[in-house]
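Each residue of the sequence shown is one higher than the last, beginning at 79 in the working numbering.
Just so you know, these hints were derived from the structure itself, not from any lab.
One thing to keep in mind: the hints can contain errors.
As the list claims (entries may be wrong) - In silico lysine to any residue, SDA-like type, Cα no more than 20 Å apart, as pairs:
#, residue 1, residue 2
1, LYS136, GLY126
2, LYS179, ILE101
3, LYS179, ARG95
4, LYS114, SER137
5, LYS136, ASP165
6, LYS214, LEU204
7, LYS180, ARG95
8, LYS179, MET259
9, LYS110, LEU231
10, LYS136, GLN173
11, LYS254, ILE101
12, LYS179, GLY135
13, LYS136, VAL96
14, LYS179, ASP250
15, LYS254, GLU210
16, LYS180, LEU133
17, LYS214, GLN252
18, LYS179, LEU133
19, LYS180, LYS114
20, LYS136, THR169
21, LYS114, ASP257
22, LYS254, VAL96
23, LYS136, ASN237
24, LYS180, PRO170
25, LYS110, GLN252
26, LYS136, ASP147
27, LYS254, ASP205
28, LYS180, ARG115
29, LYS110, GLU210
30, LYS114, GLY129
31, LYS114, VAL96
32, LYS136, ASP106
33, LYS214, TRP229
34, LYS136, TRP229
35, LYS131, ILE101
36, LYS254, TYR112
Said to hold, decoys possible - Derived Cβ-Cβ restraints for the label pairs, each shown as a range:
#, residue 1, residue 2, range
37, ALA203, LEU231, 15 to 25 Å
38, GLU213, ASN128, 33 to 43 Å
39, GLU153, GLY129, 41 to 51 Å
40, ALA221, GLU148, 35 to 45 Å
Fair warning: this is a prediction, and the values are worked out from it, not measured in the lab.
Note that CB positions come from ideal geometry on N, CA and C, so glycine has one too.
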Amino acid sequence: MTQNYEKIEKEQGLDPRVESLAIPLARDYAEKNYPKREDGTFEPAWRGANGEKDLRGKSPEEVAAQLEDEGYTPEAALALAQSMVVDIANTPYDQFPDHWKKQNRGGAEFLISLVDEVGADNIRALDLSDSEVQEKYGTLIHANWLERNQWVLDPEYGNSVLAQSYADLPADEQQKDIDQMRVLQGWLEAQQNPEEIGV
79 MTQNYEKIEK EQGLDPRVES LAIPLARDYA EKNYPKREDG TFEPAWRGAN GEKDLRGKSP
139 EEVAAQLEDE GYTPEAALAL AQSMVVDIAN TPYDQFPDHW KKQNRGGAEF LISLVDEVGA
199 DNIRALDLSD SEVQEKYGTL IHANWLERNQ WVLDPEYGNS VLAQSYADLP ADEQQKDIDQ
259 MRVLQGWLEA QQNPEEIGV
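Start from the sequences and build out the full structure, keeping to the hints where you can.
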């Protein structure tokens, strides 16, 4: 599977490390942020396939009902609705719509740029329990996220909590930024020792 991503990225001029890191970032986010059901799946996290904020939290059935009200037949409404929303908690990364892959790639690209700037060994050696390290890297990651997510400033669909600086975020939101560094450290370790993870 990784080889397919590398081929696509090479053709598109992308760094193959980005897609390789985006996958565990998406998986880790789902594991830590969506409630798990008894069957091991997550509670659905419906989002607009192209990031449409007005579709957030709406299942295909709910979207289909709206489309039926607009005159679509039930069959056509459901077929269209299924292409309009995605359950980002349970959908594998390789099946994400382009918008959601781009979101994950954006974070991964920034983390890869940190590796290139700071060095893989230095990133692996970071003590993420150190508050100064958390502040430094959390601030960088959150600032990058804000650059890529201007929607937080929207008066109707924005999120004033997320629009703050890292230092002003609630602890659970700060943790999401630090979790990205933990994933990066694990990914770097796996790149250094692929035999340990069967790569």
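Hint check:
1. LYS136 <-> GLY126: OK: LYS136 and GLY126 at ~8 Å, within 20 Å.
2. LYS179 <-> ILE101: holds (9 Å)
3. LYS179 <-> ARG95: With a Cα-Cα distance of about 14 Å, the restraint between LYS179 and ARG95 holds, given a limit of 20 Å.
4. LYS114 <-> SER137: holds (18 Å)
5. LYS136 <-> ASP165: holds (10 Å)
6. LYS214 <-> LEU204: holds (11 Å)
7. LYS180 <-> ARG95: Answer holds: LYS180 to ARG95 is near 14 Å, not above 20 Å.
8. LYS179 <-> MET259: Satisfied, since the Cα-Cα distance of roughly 19 Å is no more than 20 Å.
9. LYS110 <-> LEU231: At roughly 25 Å apart (the allowed maximum being 20 Å), LEU231 and LYS110 break the hint.
10. LYS136 <-> GLN173: Holds. LYS136 to GLN173 sits at ~19 Å (cutoff 20 Å).
11. LYS254 <-> ILE101: holds (16 Å)
12. LYS179 <-> GLY135: Holds. LYS179 to GLY135 sits at ~19 Å (cutoff 20 Å).
13. LYS136 <-> VAL96: Between LYS136 and VAL96 the Cα gap is close to 30 Å, so the pair fails against 20 Å, i.e. violated.
14. LYS179 <-> ASP250: Outside the cut-off at roughly 24 Å; violated.
15. LYS254 <-> GLU210: Holds, at about 16 Å.
16. LYS180 <-> LEU133: holds (18 Å)
17. LYS214 <-> GLN252: Given pair LYS214, GLN252 holds - Cα atoms ~12 Å apart, limit 20 Å.
18. LYS179 <-> LEU133: holds (18 Å)
19. LYS180 <-> LYS114: Violated: LYS180 and LYS114 sit about 25 Å apart, past 20 Å.
20. LYS136 <-> THR169: This hinted pair holds, its Cα atoms lying about 15 Å apart.
21. LYS114 <-> ASP257: holds (19 Å)
22. LYS254 <-> VAL96: holds (19 Å)
23. LYS136 <-> ASN237: Given pair LYS136, ASN237 holds - Cα atoms ~18 Å apart, limit 20 Å.
24. LYS180 <-> PRO170: holds (14 Å)
25. LYS110 <-> GLN252: holds (13 Å)
26. LYS136 <-> ASP147: The hint holds at about 15 Å.
27. LYS254 <-> ASP205: Cα-Cα ~16 Å, so holds.
28. LYS180 <-> ARG115: violated (28 Å)
29. LYS110 <-> GLU210: Violated, at roughly 23 Å.
30. LYS114 <-> GLY129: Roughly 23 Å separates the two Cα atoms, so the pair is violated.
31. LYS114 <-> VAL96: violated (27 Å)
32. LYS136 <-> ASP106: Distance of about 23 Å is beyond 20 Å: violated.
33. LYS214 <-> TRP229: violated (24 Å)
34. LYS136 <-> TRP229: Judged against 20 Å, a Cα distance of about 18 Å means the pair holds.
35. LYS131 <-> ILE101: violated (23 Å)
36. LYS254 <-> TYR112: holds (13 Å)
37. ALA203 <-> LEU231: 15 to 25 Å: Between ALA203 and LEU231, where Cβ atoms are some 36 Å apart, the hint is violated.
38. GLU213 <-> ASN128: 33 to 43 Å: Given about 34 Å between the Cβ atoms, the range holds.
39. GLU153 <-> GLY129: 41 to 51 Å: violated (26 Å)
40. ALA221 <-> GLU148: 35 to 45 Å: Taking Cβ atoms as reference, ALA221 and GLU148 lie about 41 Å apart, which means the hint holds.
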